[in-house]
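K.L.:
These are the residues of each chain, in order.
2 protein chains.
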Amino acid sequence: MTQMLKARAGELTPAMKEVAEKEGISPDIILEGVAKGKIAIPYNIHHINLKPCGIGKGLKTKVNANIGTSPQYPDIAKEMDKLRTALDAGADAVMDLSTGGDINACRKQIIDNCPVCVGTVPIYQAIVESKGKYDNLIQMTADDLFGVIEKQAEDGVDFITVHCGVTLEVIERLRREGRITDIVSRGGAFLAGWMLHHEIENPLFEQYDRLVEIALKHDVTLSLGDGLRPGCLADATDKAQIQELIILGELVERAWEQGVQVMVEGPGHVPLDQIAANMVLQKRLCKEAPFYVLGPIVTDVAPGYDHITSAIGGAIAAWSGADFLCYVTPAEHLGLPTDQDVRDGVIASRIAGHAADIVKGVPGARKWDDSMARARKNLDWEAQLNLAIDPVKARAMRKDKNPEGMKECTMCGEFCAMKVIGEYLGTEFPKC
Amino acid sequence: MTQMLKARAGELTPAMKEVAEKEGISPDIILEGVAKGKIAIPYNIHHINLKPCGIGKGLKTKVNANIGTSPQYPDIAKEMDKLRTALDAGADAVMDLSTGGDINACRKQIIDNCPVCVGTVPIYQAIVESKGKYDNLIQMTADDLFGVIEKQAEDGVDFITVHCGVTLEVIERLRREGRITDIVSRGGAFLAGWMLHHEIENPLFEQYDRLVEIALKHDVTLSLGDGLRPGCLADATDKAQIQELIILGELVERAWEQGVQVMVEGPGHVPLDQIAANMVLQKRLCKEAPFYVLGPIVTDVAPGYDHITSAIGGAIAAWSGADFLCYVTPAEHLGLPTDQDVRDGVIASRIAGHAADIVKGVPGARKWDDSMARARKNLDWEAQLNLAIDPVKARAMRKDKNPEGMKECTMCGEFCAMKVIGEYLGTEFPKC
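Protein chains in written order, with this note's numbering: chain E, 21 to 452; chain D, 21 to 452.
Same shape as in the complex, but just chain E (with noise of 0.2 Å):
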């Protein structure tokens, strides 16, 4: 029985306990919101020592980091690495995207070293098998993309992206829009591909009991993929993207009735003022489904730069609904990540997320922020530094800037606010 078929029961599993306490939020709330699918608990009862996490209305917005070889880096030692850094930085989740080496033996090392949720785009390992299998990976088949759902679904992936709302209606939409960009999404792309190929329909649509059978059998998180999420501003918004969107409202609801859990990912690169709209589109077409977003980034033109380009469209996504930010490294568009691109990737991210959850009323999310003021005001380092969202990132800028015992900071030295309002008002104001 999945989390969602065992909160309908009334059953309060210990994953919704765990999480209930993680968020301060009472375990009743926790159990409706997963019972109405308002809230995912991504967990395949194959992950063993997972420690659950909730996601969805009401909760801590969470944070995506995406790692997995490329067949230019099959290195899997390299992508353990870039696990500990994430999971070091506070990624809530990890995806692994590998696409190069020995890709079920990088899974497998991935979800038997991570407590956080893990997820997949399985396509991604059908399109490689095919290309190894066949003359020309475009002859995949719809049993080869299965197999894999099934085979990582058996290994424990507690999440998987499909691109089930990639139909030949959305990509008729697609193709008289005229898009500068087409698709952007590795997945959808290649599905698009192949349906027009083939001339056939997606079957990850067409075969979409299939798809909520095998989700069903292992609780397994789908993720309705948005393989036609607009891959830069002029694209955003158009009629193929919402045509999909309402496409995998309908599945969410399906998955719904047989008690599978079900994300719903979105945009992409997306202007400013679409953000807001966007996420409440999502919102009703998806009827409160929690909606999992890649950015948005708010401009196209600063490659090397794309977490803080995505750090401000998911601040604003996060604050106008959206529950899950998929993190955006400064690698975006340039290549793959390292170690470092990871780090930043995260952190910026959980400043978004964290933004954002300060205005939309999150349990204890403006505490955090109030603590650190007050270690302002008293000049006290050691608390600042601790309450840093990156301690060690704050502490080594605070050494290296600074002579040891400084009571104040380089920027201003004696002239610093804090000091001067401490000396000469210092009696007058009241103390908090």
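A pair counts as met if it fits within one copy or between any two copies, since identical chains are not told apart.
Taking lysine-lysine pairs in the DSBU-like style, the calculated list, with each CA pair at most 30 Å apart, reads:
| hint | residue 1 | residue 2 |
| --- | --- | --- |
| 1 | Lys387 | Lys259 |
| 2 | Lys427 | Lys153 |
| 3 | Lys42 | Lys307 |
| 4 | Lys421 | Lys128 |
| 5 | Lys439 | Lys259 |
| 6 | Lys259 | Lys397 |
| 7 | Lys171 | Lys56 |
| 8 | Lys303 | Lys380 |
| 9 | Lys58 | Lys237 |
| 10 | Lys427 | Lys151 |
| 11 | Lys151 | Lys421 |
| 12 | Lys439 | Lys171 |
| 13 | Lys439 | Lys151 |
| 14 | Lys427 | Lys98 |
| 15 | Lys439 | Lys153 |
| 16 | Lys419 | Lys151 |
| 17 | Lys151 | Lys397 |
| 18 | Lys439 | Lys98 |
| 19 | Lys380 | Lys42 |
Please keep in mind that the hints were generated in silico from the structure rather than gathered at the bench.
Put chain D on the given structure of chain E with help from the hints.
P.N.:
This is chain D only, laid out in the frame that chain E set:
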């Protein structure tokens, strides 16, 4: 005659023409904006070789970089390096906030070598000089302060931050408010301490006409400082802050009456959901005077990453009406920025400004993104790197992460969505 007086007399100055050309906007609109005070062109008559820049309504969002010595780091050469870095990264203005070493010499070198407008906060120098001159720097006199203002105006400073709104009334409201961080503006904190110590009104408020007269003589733009800006989320948008803003709004009109250009400075630390309200309020209370914001940063917990927290806030602020973003570097709250911090700060602010310009409809803003989108679609790396907001960094990262001559990138390799679409759908999709 100031740019404003000339505009009112209907004289289209070379500076206005140059601004119009740079912005791609009709010179008449610039002239009208300057005449009404909605656009400022900070341009001290003594600043030789300045390439004038317009700040305000309808124009591209501008970015300022703060540099300058501190008591611990008095080396002018290091600040000159930062000046070059800031200019190279695309800063539209630079503020010299020096408080260490030979302040006059540092300012002179910066002005002599700076083609963008230069700002200062004269009270910093007045404080530092009082420290040498008196037993206690609190003995500074109003004439000491005005003496520094006059000297800096004669030296060619284009705009000065003056905390004219820190009045006894405002301090009384602050006292009643009970903030966590009281005053975090260096100038504001010192002024408030000085006023309370001497039990007299702020000379920058009481002798505002004297200030306006100096500004008029040299066409120094007054940047009315927000001494009461919130230093943490908890203190944002409180009575003290808004009381000061009301007073600044009155002072804006008094400067305009004399033909003196004015900008108004704004917060600070502001939660996501209060940023737009702050911008609307300033625009109303200050009759659309250009708004110059420091950040705002949207969470207090990220020292080491405040270029990101402020890029989030800055993007929303600029979208909601802010005209001029003061950068915040990763060193904020930790120490004096290094050269690399300066670069990171300028680029982060430029990203925020550009993301906003796209949705504010600033002429030409979106074209840049669309060009990048086309370059991506065509896998034209040379065009992508040249179009990048930081071409140097993007090029270095592309080189580091990818083997020479690679057509795609190491993120997806041969499974590149752009390539897949090109191969399978290439002829079936409309080309842009």
